[in-house]
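Chemist: Going down the list, the protein sequences come from chains A and B. Each step along the first sequence adds one to the number in the UniProt record's numbering, with nothing skipped, and position 231 is 231. Each step along the second sequence adds one to the number in the UniProt record's numbering, with nothing skipped, and position 28 is 28.
Heads up, some of the hints might be wrong.
Below, a list of computed lysine to aspartate or glutamate pairs in the DMTMM-like style, where the Cα atoms sit at most 20 Å apart [to be verified]:
1. Lys278/B with Glu182/B
2. Lys87/A with Glu72/B
3. Lys87/A with Asp81/B
4. Lys28/A with Glu200/A
5. Lys28/A with Glu35/B
6. Lys248/B with Asp13/B
7. Lys90/A with Asp79/B
8. Lys99/A with Asp13/B
9. Lys99/A with Asp79/B
10. Lys99/A with Glu72/A
11. Lys113/B with Glu72/B
12. Lys228/B with Asp19/B
13. Lys90/A with Asp81/B
14. Lys185/B with Asp160/B
15. Lys263/B with Glu202/B
16. Lys90/A with Asp87/B
17. Lys193/A with Asp154/A
18. Lys117/B with Asp161/B
19. Lys18/B with Glu217/B
20. Lys71/B with Asp81/B
21. Lys93/A with Glu200/A
22. Lys93/A with Asp101/B
23. Lys207/A with Glu177/A
24. Lys111/B with Glu187/B
25. Lys185/B with Glu158/B
26. Lys227/B with Glu187/B
27. Lys99/A with Glu200/A
28. Lys87/A with Glu77/B
29. Lys87/A with Asp79/B
30. Lys193/A with Asp227/A
31. Lys228/B with Asp161/B
32. Lys121/B with Asp101/B
33. Lys65/B with Glu77/B
34. Lys121/B with Asp88/B
35. Lys87/A with Glu103/A
36. Lys90/A with Asp88/B
37. Lys87/A with Asp87/B
38. Lys190/A with Asp224/A
39. Lys71/B with Glu187/B
40. Lys87/A with Asp88/B
Derived from the structure by calculation, the hints contain no laboratory data. Because the structure is a prediction, the values reported are computed rather than measured.
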Amino acid sequence: MSRLELYSPEGLRVDGRRWNELRRFDCKINTHPAFDGSSYVEQGNSKVICMVRGPMEPPMRSQVNQTQAVIEMNLNIASFSTLQRRKRSKNDKRMIEMKTTLERTFEQSVMSHLYPRTLIEVNVQVLAQDGAVLATMTNAITLALIDAGVAMYDYVSAVSVGIHDQTPLLDLNVLEENDMSCLTIGVVGKSEKLAMLLLEDKMPLDKLENALAVAIAGGHRIRDLMDDEVRSHGNQRVSKLTS
Amino acid sequence: MLLSPAERSYIYDSLCQKDPIRPDGRTPLQFRPLEATTDFLPGSNGSARIRIADGSECIVSVKSKVVLSEKEANLIEWDVDVSGYRDDSNFVSNLKFSLTDLYMKNFPCEKLKLTAKYSYKLFLDCIIVSHSSYPLTLATMASYLALKSTRLPLLVSEVDDSQVEEQPTFSDDWEKAQYLAEFFKTESFSPPLYITVGIVGENVFVDPSETEEQVLENGLLIGYSEKKCIAPITNLNLATNSNNSNFKGFTPALLISTVDLLKGHLSSIVDALDTLDKQDKEDRTQSIF
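Build the full structure now, drawing on both the sequences and the hints.
Modeler: Here is the structure:
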C-alpha cells in the first residue's frame, strides 16, 4: 500500500483535485516554424514537444505505399525527464509499444488515403514526465498534425483514468499512476468512439464502464481546450493576412 | 541542402575576395540572431533552450547528484542526443567527445566538492532538436545558460566529515538554494564556449551558416572563456553531409591572427548571454515559449 493518502474521505486527491478534474492543460501550436507542423503540450508537469514533417516524398523506396500515406513516429524520451535521471534506449520494450500504439492510432485517424506515396514524419520529444505521458504525446501529435494541415477525421484527445478502490480518478499524476491500475484512451472528437486504448495492468471488468465514461468526458474537455488553441491561432494568422 | 557547382563557385568567390560578402549579409565576426529561455524544467537543477533563425534548436538540462568523491573519476558527465542520428554514430560521439574535452579542461570541477568525502556530480544532457549548421556553438551557448541558471540545495550539515560517518543533509527550503556562482564563491562564473570559425582564403568567418559550410577551405573549433581563447583548438570539416571539394590546409599564421582577432570581439557574446540570463532571473515564468 502507498504511504500517501491518494483519495481522502472528503474526496480530495494528493494534488487537491476531485475525482473528475483534469490537471492544468496548456497547449500551443506552430512553435517551431522550421517544421511543417509543431506543437507543445503541458499536462500537469508533463511536457511534450511534437514536430511534424510532411506529407513529403519518402527518402527510401521501401517506405512507399501506393495507396496511402506512411506515418513514421520517432519517440524520444529525454533522460532528464524523470526525477531520477535515467537513460532510455530507443529499443526499450515500452517505447516500442508506445510507438506502435501511436502509429496505429494515427493511421486510422489521418485521412491517409488522400496522400498516397508520401511519408509523414512525426518527431516527439518528451521533456518532463509527470504521469500520462502517452496521453500527452497523443494530444501533442494531434495538434502538430493539425498545424501541418494534414487532413484528419477529427481530433484525437487522450486522457488517462485509474481506479482507486471504487472510484475512478481522471488524469492521474505520477504519484497516483505508480499506485493504481490505469488505462489511457484516445477519444475521436466529440463522439464516444475510441481510437486508442492502452491498459498495461489489470482492471476489474465491472468498473471498466464507469472508468471509460469518466475518461470520455475528460477527453471531450481536452478536445475543447485544444480546439480553442487551434482557433485562436487561426484567427491570429488571418488577422495578420488582412491587416 | 546541396549546392550546385555554379552556386558553390559564386559563394566561394564572394567569400574569398578582399571585402567578403556573406550570403546572409553578416559581417565576418557577426553571429546569427538567437533566442533563448532558461529554467523551464522544474525537475532539473538548471535548463536552457536556445534557437536561431534557421530553425536550429538545442535544449540542455543540468541535473546534480551527490556522490562519494573517491569513487567518481569525472564530476561532470555529458550526454548528447541529436535527432536523426544514432547514439553510437560518429557524429554524435565526436560532439560528445568535444564537449567533454572542453569541460574537462576548463570547468572548475574541484569546486564541486561538497564535504571532505562527498561532492556534487553534474549531468549535462544536451538534446539537439534540429540543426543545419555544425551544432557545437549552439550546444555550448545553451549549456552556458543552463549552468548559469543552475541552483543547488543549501548544505546544512557539517562540511568536514572526514572523521565522522555521516551523509550530507540539505535545507528543505528551495528559496535558499544557491546558484553555481554562489556555490563556487566566485564573482565571475563563466562556463567555456566553443566558437566555430570558417576559413576561406585569407578570410575567417565566425558561426558559418549551412551554405557557407559547404564552400569552406577549413573549419576551426576554438574554445573561449573569460575573454581568452583556450584549449582545445581543433580543425575539422564543418560540412557533415557533403564531401567538401574546397577542403585544404591553412597556414599557421592564420590561426594565430584568428585567435588575436577573436579575443577582442567575443566578449560581446558573453555579455549578451549574461544579460539574457539576468532578465530571465528577474521575471521567472517557468515557461518554455
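Chemist: Which numbered hints turn out to be false for this structure?
Modeler: 4, 8, 9, 12, 20, 22, 31, 34, 35, 39
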